[in-house]
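Visitor: Here is what each chain is made of, one letter per residue.
2 protein chains.
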Amino acid sequence: MNETIVSPNPSVSPDSALSYGSGLFPTKGLDFRSGRPEVVVVGGRDRFPVVGMAFDDARIKQILCVGWGSQGPAQAQNLRDTLKDIGRPDIKVCVGLRPDSRSIPKAIAAGFDQADGALGDPYHLASKSDLVICLVSDGGMVDIHKELFKALKPGAIVGFSHGFFAGYLKSIGQELSSDHDFIMVAPKGMGPSVRKLYLQGFDTNGAGINCSVAVQARSPERFQLVQDVANAWSVGIGAPITFGTTFLNEVTSDLFGERSMLLGGLWGMSEALFGYFSDVYGKNMDSVFELASSGITGTITDALSKHGILPFYLSLAQGQRARFMRGYEQAYSAFREVMTSIYADVRSFREIGKVIEATKRLSEQPMSNIEAGSLMWQHARTRGLYGKRVPITDDLAFAAGVYVSGIMAQLHTLLANGHNVSEVVNESFIEAVDSLTPYMDARGVAYMVDNCSTTARLGTRLWGPVFRDRLSRALRGPRPTIEEMIRIKDSLFDGSLHRDIQLCMDQRPPVRISIPLEGK
Amino acid sequence: MNETIVSPNPSVSPDSALSYGSGLFPTKGLDFRSGRPEVVVVGGRDRFPVVGMAFDDARIKQILCVGWGSQGPAQAQNLRDTLKDIGRPDIKVCVGLRPDSRSIPKAIAAGFDQADGALGDPYHLASKSDLVICLVSDGGMVDIHKELFKALKPGAIVGFSHGFFAGYLKSIGQELSSDHDFIMVAPKGMGPSVRKLYLQGFDTNGAGINCSVAVQARSPERFQLVQDVANAWSVGIGAPITFGTTFLNEVTSDLFGERSMLLGGLWGMSEALFGYFSDVYGKNMDSVFELASSGITGTITDALSKHGILPFYLSLAQGQRARFMRGYEQAYSAFREVMTSIYADVRSFREIGKVIEATKRLSEQPMSNIEAGSLMWQHARTRGLYGKRVPITDDLAFAAGVYVSGIMAQLHTLLANGHNVSEVVNESFIEAVDSLTPYMDARGVAYMVDNCSTTARLGTRLWGPVFRDRLSRALRGPRPTIEEMIRIKDSLFDGSLHRDIQLCMDQRPPVRISIPLEGK
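For the record, the sequence lines run as chains A and D. Going by my numbering, 439 is the number at position 307 of the first sequence; the sequence numbering is gapless. Going by my numbering, 298 is the number at position 166 of the second sequence; the sequence numbering is gapless.
Worth flagging that the hints you see were computed from the coordinates, not collected in a lab. Accuracy of the hints is not assured; some may be wrong.
[Unchecked claim] Quick list of in silico lysine to any residue cross-link-like pairs, SDA-like style, CA-CA up to 20 Å:
#, chain 1, residue 1, chain 2, residue 2
1, D, K415, A, K302
2, D, K415, A, G414
3, A, K486, D, S480
4, A, K486, D, K302
5, D, K486, A, G305
6, D, K302, A, S303
7, A, K224, A, G184
8, A, K621, D, G414
9, A, K415, D, N416
10, D, K486, A, S480
11, A, K302, D, K302
12, A, K415, D, G414
13, D, K492, A, S480
14, D, K302, A, I304
15, D, K486, A, I304
16, A, K486, D, K486
17, A, K486, D, I304
18, D, K492, A, E469
Can you make the complete structure from the sequences, with help from the hints?
Guide: Here's what the structure looks like:
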């Protein structure tokens, strides 16, 4: 790979991701060529008995899931059903909700009963649980953590599905305490997908959402034991493949990814392409919208998800390839420039500090609606332009080149900062083309910007317009110099990276991850 | 004033601004009604002898100005000329430039001679100077401060023209050391204006650029003495009026102001108005540009500078007033929302951390040009649309309402965070309508965004697009609710605030501050 495009930052060590493995679950090696090889844990319904063994080894008799948002219902039900499936009623799964929570009826309907102690006050239940999984919102966790941690049983293991809380502590100069073991299992899909694919796993072998895992044991001797509790949680909620990361790499790649091509970058790019093609097609807004948004989220994303990036490019007709490369060359450096700024803000925890402050202001100053005030998205809504499939024209090939340059810029930015390949490819490519973009294809990009997590909404509203501005100028600006163009082109034709992407794609479940027509 | 619009934040104390004064120079009280009253120092050429007395009291025999950028040439020459004027050759003013500096010939041409020690290596000269005034760029100061401070004579006083360095220290958890006295004199105009108005002061009484002053003495007993060194520096470079602030209030209001209506907000607003009026006037880009930019920076800014905000509004014809109010109502909350985010990022020093990191990346990744890639600014440049004066139409009254709502939102944001009235009105109104906006009227807003300080350029590129996005949606979005509209309208008709603005306007020099047709 071209050194100038991806020069790994030696100060960011991905070591604990690469030392990942299991003493109980079967593993396999992924021989990545562009990064270092990784070990992943192989799950599946036939491994559910091992879940019970891992919990036994760590003396886990009660598991508490706190919160009932996106991940809460999925993970609590999946874990309960897994333990039931292997005949282990002695390991109890319960749900913690405050007495005034509006989610209580939903948890009861899902089978968590107050009468038998499977549903109750989070602080009370925390004092009796051996594994406490925190599934409340990022801002909610910041609010409750002191009281929750005070209520913990000595020696309890604390779980998160996101590295945000660890990042929040860093942003205020603190660390996760060494009084408890902390683990993370981060599913690479939305909560409803975690539940839906788990249920599909009953009759489709390998169905389930892949997860990444991070571990901070309270002593080195406990590392292996605690790591297998995390693996058991991951396999228990249905992950066919589990890979390693660290709390801080996860929160960084996650916030960076949603601000970039998973959401913010995609939104800003659509707006920039809308302006760009409007100059050409004037008031024919249906055609302009196809090129700027629905063609990308539909036809192009389908093809990328099916074939991978380089095979998709090679499948284009010759004239289309030339137009694709023109879009790629024109946009790549602009994406890379904005992403470098985003990565710096996220990695330094400034972005987290900002989210925490802005979340506190939301009660007084709610976020305005993106879709309502925008010509482009209003037009698409009124005219029903979502969810269509269109043929690939030369102009759409150009737009695809712009989109793919954003995905490649995101892959390069994360690899250059030392993230492991599984995390990079999942956060930059698989989660985009298999999960979030198909969802936006059905509902609209602006709809997603208006309805995602608070952390993502706040970041998107800031960075989306910056992408739009930078890309608008890049699309209309001069072509890159010859040297620049060769460097950019080489970055697309990096065979090792595309082979690694394929290897990650091979680890995907055999069913569709996205659930476009259900709620988030 | 409506409490919801401006509720002062009690955690931000402006006390040291309000305890400002002088034991040597004449002062006068400004009886501000919306905030607390303030004391200002009255300068002028007839006070120059007091400058020498203040330097004598603090045993200042040599003054070093480090750097030759915007402020360096102005302040070094003005101080030298003032001391010459009062016959004090024993107090020497010298300029410190590194041996490889490309500015050396310019400093020599301005009369600073290497032979008599008035020009030389900054570290060497620092070891022999009693007052060391740091006038290098924000990033440059961060780079050299350790070596420069190490070279200082014991007991030397250190001066800045900006609170940035103190803010940088805060951003890395440090403070200005208590080994030295630190003072700040921040002129409310660009360096070339500081020089030009000083020269005008020879024949126009009261000509000169107003300054704000901050003081951190190394012991409470030295406060008065050191404060008068700052006052002497301010009066010595020609300030007719000097008012008090703190290092942190200055850097906050300065970075906030340039990211808001002084530059970033004005740019984003112009782009949003360009899109808004394009929907109406289609391809008649000359007219659209008039409404979106040159009408505001020309005719409207002239009128605001001459009359003040409320008198300008009252001078409009009845139909124009209605259109003005419509623009004001539609945009005010959008401006306020973005400004709240900016203020939070600046006040928490996140914005400074970001600037420092981004400055380091500039050698590898230079900032792209705003004007080159933009339809709107390219059109204006090609067609020569800058510097015109147009009559006020109904549409321009609407655009003026949008612009003024941004200025009012900025005033309200700073007042709500406890900044003193002189600082607020200077940073939000006077510096805009008297200095920066007229400059942009002649050269173009995008030109200024491409050519201002690194700190301002970095911030503008981030926040400009956010203003554009938020305002575009606000202009096309629904009207505010009745309650909201009353609250917004009241915020414009706040008589106390407009009286205070008038009082600040009365303190302005009697000559034009802006120098549109010279370099920065």
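Visitor: If a hint holds in the structure, say so; if it does not, say that too.
Guide: Cross-check of the supplied hints:
| no. | hint | verdict |
| --- | --- | --- |
| 1 | K415/D <-> K302/A | 52 Å, violated |
| 2 | K415/D <-> G414/A | 10 Å, holds |
| 3 | K486/A <-> S480/D | 9 Å, holds |
| 4 | K486/A <-> K302/D | 17 Å, holds |
| 5 | K486/D <-> G305/A | 18 Å, holds |
| 6 | K302/D <-> S303/A | 15 Å, holds |
| 7 | K224/A <-> G184/A | 11 Å, holds |
| 8 | K621/A <-> G414/D | 38 Å, violated |
| 9 | K415/A <-> N416/D | 15 Å, holds |
| 10 | K486/D <-> S480/A | 9 Å, holds |
| 11 | K302/A <-> K302/D | 17 Å, holds |
| 12 | K415/A <-> G414/D | 10 Å, holds |
| 13 | K492/D <-> S480/A | 15 Å, holds |
| 14 | K302/D <-> I304/A | 14 Å, holds |
| 15 | K486/D <-> I304/A | 17 Å, holds |
| 16 | K486/A <-> K486/D | 12 Å, holds |
| 17 | K486/A <-> I304/D | 17 Å, holds |
| 18 | K492/D <-> E469/A | 14 Å, holds |
Hints 1 and 8 from the list above are not met by this structure, while the remaining hints are.
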